[in-house]
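Read top to bottom, the protein sequences are chains A and B. Following the working numbering, the numbering of the first sequence begins with 880 at its first residue and continues without gaps. Following the working numbering, the numbering of the second sequence begins with 4 at its first residue and continues without gaps.
Keep in mind that the hints were calculated from the coordinates and are not lab data. Note that CB positions come from ideal geometry on N, CA and C, so glycine has one too. A hint or two may mislead.
Claimed, not checked - Far from chain B, by Cβ distances over 12 Å, these chain A residues were calculated:
{"no.": "1", "residue": "Leu940"}
{"no.": "2", "residue": "Phe1010"}
{"no.": "3", "residue": "Pro1014"}
{"no.": "4", "residue": "Ile1030"}
{"no.": "5", "residue": "Trp1118"}
Stated by the list, open to error - Covered by chain A, per the in silico footprint, the following chain B stretches (three or more residues, Cβ under 8 Å):
{"no.": "6", "stretch": "117-126"}
{"no.": "7", "stretch": "231-243"}
One-letter residues, chain by chain:
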Amino acid sequence: MAELVKNSKGKEKEPVVYSEMGTAVLNEKHSTSRLISKRRHVSLPQWATAWIVLIPAMIFLVFFMFYPIINTFLMAFINNFSWRTGGSSFALGSFFTSIRDFGIDAYNRDGTLKAKETILSFGFDNFFKLFQGYPGQLFTSSIVNTFVLVIVEVPLTIIISLLLATFLHSIKALKGLFQTIFFLPYVTNAIALGMVFQMLFSTGQGGIINLVLKLVSFGNLGPINWLNHQHPTLAYNHWVAGIVIVVYSVWNGLAFKILVFMSGLATIDKQYSDAAKIDGASSFTIWRRITLPLLSPQILYITITSFIGAFKMYSGVMSVFSNYAPLGKNHFFGGNSEGTDWMPIVGWIYKAMDNQQFGGQGVAAAGSLVLLAIILVVTAIQGVVSKKRVHY
Amino acid sequence: MAEAQYFTNEVTRRKYKTRQVLGQVFLYAFLTIFALFLVTPFIFMVVFSFMNPDSFYQFTTNAKFDSLRIFGDGKLLIGTKVGDNWSLQNFKEILVPTIEDSLGNVHSTSFFLYFFNTIIVAVSSTTVTVVTAVLAAFAFARLEFKGKDVLFALLLATMMIPGEMMVITNYQTTKELHWEFTFAALIFVHGVSVFYIYYLRQTFQQIPNELYLAAKVDGVGDIGYLFKVMIPIAMPTITTIIILSLMGAWNSYIWPSLVANGNWLQNGIWIPLTKIRLYGLEDIKNSFFANQPIKMFKNGYNMRLVSNGLMSIFGNAGDDVTVGKEAIKIAGSMVVTAPLFVFFLIFRKYIMKGLSRSGIKG
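Using the sequences provided together with the hints, build the complete structure.
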């Protein structure tokens, strides 16, 4: 039904033909016409949709990720940072308020010299504090501890998991069972299993490792004091406790690496090894010259992520010593009543956070920047070393 | 692997066969050794948590080191009735509301409460994570907007930064917002994970463009496309994200230990954006009409998650409690690990497939 549509002024508008369903049909007179449907689609331009859709994620990211990163950098470089100065709602705001209240220069409003703590100045003061005095000693020893643990644990875990993945890949029967068993440590609670390990390595009840040692050596080797710094007869040994920490970390770390290596191995084409076998290569040569280079992207990924994760180790070390902590000690890493024997870098940072004796949060922020620098340097070294060895 | 292998004579064939068999034996032996290494703590955890505390003491104490019969009486384990050496006593002690230490102090240890807390935090934070990840990944994968590349490069850069750098500021923020001991601190602060956004974006990008164009012809807008096409196709990835996020919330320890580690009888639960603080259960009617804070729980609300609860009872906070209570500690570890274990057995394929895919891209 064509009808001439007149607008308000009485002029003829373009005729629009309406079909039964209410949607318009092309009019023969005009080459194009606007399709008018009964419901109007109001659609935003794509960039507006994008920004609206991104709002939930961005709120969280800005407040809890971008802002903290900036704030940590600022905190570390402000001398004598104390986030209560100024006292307004956010840490960033607090030193802007302190600028407003105290001013940037060294003099109060009434002309007297300001107390040193309230002068806002930027500098490396926090970094110097990081290495001075008792907290400084603790920080250096924590760096040493972390490096020792990382250097022992990460290569060991990667090599063992590579071997296990290769072996798992080449057997047929019981493959699923082994895969499930190897993946078990990933789903477990680090704290709960740390306590189980502590019990296994203890000298008292539940010390199965000591029992087995006794059995294997026909009663000659006495029980070893692995972790207890308060044992009445046997002395505590720093390196023996380190062995336990490494064993636990290896145990924890095997699962994910085996999984990634296995998935990488599954993508390797069988024809390469078949061709090599025809040429008479032994299995070991095939593994070394074909499998490993083809697996090198996964190996690089695992190496980088393992090192980064290992430098951040904290709950693994703490849960192994948990039983021997005196009442109320929060970050206890064994060895003495202060709990500082195997303190990792992250443990030091958490200890320094609320502790004014350690310098407070400015120094903790400086410590975390040092950790970031270490991680970046190690990752960069790995990137450079791997340039020639990784084949994509 | 049906290869035909030809040998010049019988001797070489036999040599090859033996070498093959030896190789397989070596492989299986190596695998079995390490499988035992990985599974032993679990075995001991399960076995010891079901033992009577007294039998546990007898079985594992050093007093039996003198003789070669290291496991003491072999009869201790085998051939005894259920009531003798095996009981659920450890579990009863770990799940009752209080535990008493040698000084007579009563600690509130109700693991049911810790489970409840952790389940709430896990479900809520997973919801937040999934919603934000899906929306953000959709924006980065499908929509075009100014600054998209810059923003995404920024996100990738933050993935490299250790979480410890953000903890200090988040701790300050939590304190300033008065979010200590609240659920909000546990849910929102680590609600968004850049890794999941990146992972989901990869999956979204693999959806072919033709589907988008076809949907556009049908008159479906961008958001409709997201809900009707993209989410159903990417459902396996989303399932993996849900599972990993739930597992992460269950196993979290460090952040809760800083902000929500104990009894907040003094502070009360603060319901965000309101002025309501919930303390303990008293007289709701009176409180309601007298405009007092509403108290909901009798002994105050022990705001802890599962790992922190374990640590607080058997770790540093309870030195007197732990002596002589090793068996109960193991039962506690077992109770904390078991739900995830069952969860893993059910969803094993999803977890392993999802994690392995994240490694292939390198």
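Comparing the hints with the structure gives:
Look at A:Leu940: its CB is around 6 Å from the nearest CB on chain B, not clear of 12 Å, so calling it non-interface is violated. Even its closest Cβ contact with chain B, about 19 Å, leaves A:Phe1010 beyond 12 Å, as expected for a residue assigned away from the interface. At roughly 16 Å, the least C-beta separation between A:Pro1014 and chain B is larger than 12 Å, which holds for a residue marked as non-interface. Separation of A:Ile1030 from chain B is adequate, the least Cβ-Cβ distance of about 18 Å exceeding the 12 Å criterion.
Non-interface call for A:Trp1118 relative to chain B: holds, since the shortest CB-CB distance, roughly 21 Å, exceeds 12 Å. Residues of the stretch 117-126 of chain B lying with their CB closer than 8 Å to a CB of chain A number 0, which falls below the three-residue condition for coverage. With a threshold of 8 Å between beta carbons, the proposed coverage of the stretch 231-243 of chain B by chain A is violated, since 0 of its residues qualify and at least three are required.
Comparing the model with each numbered hint stated earlier shows that hints 1, 6 and 7 do not hold.
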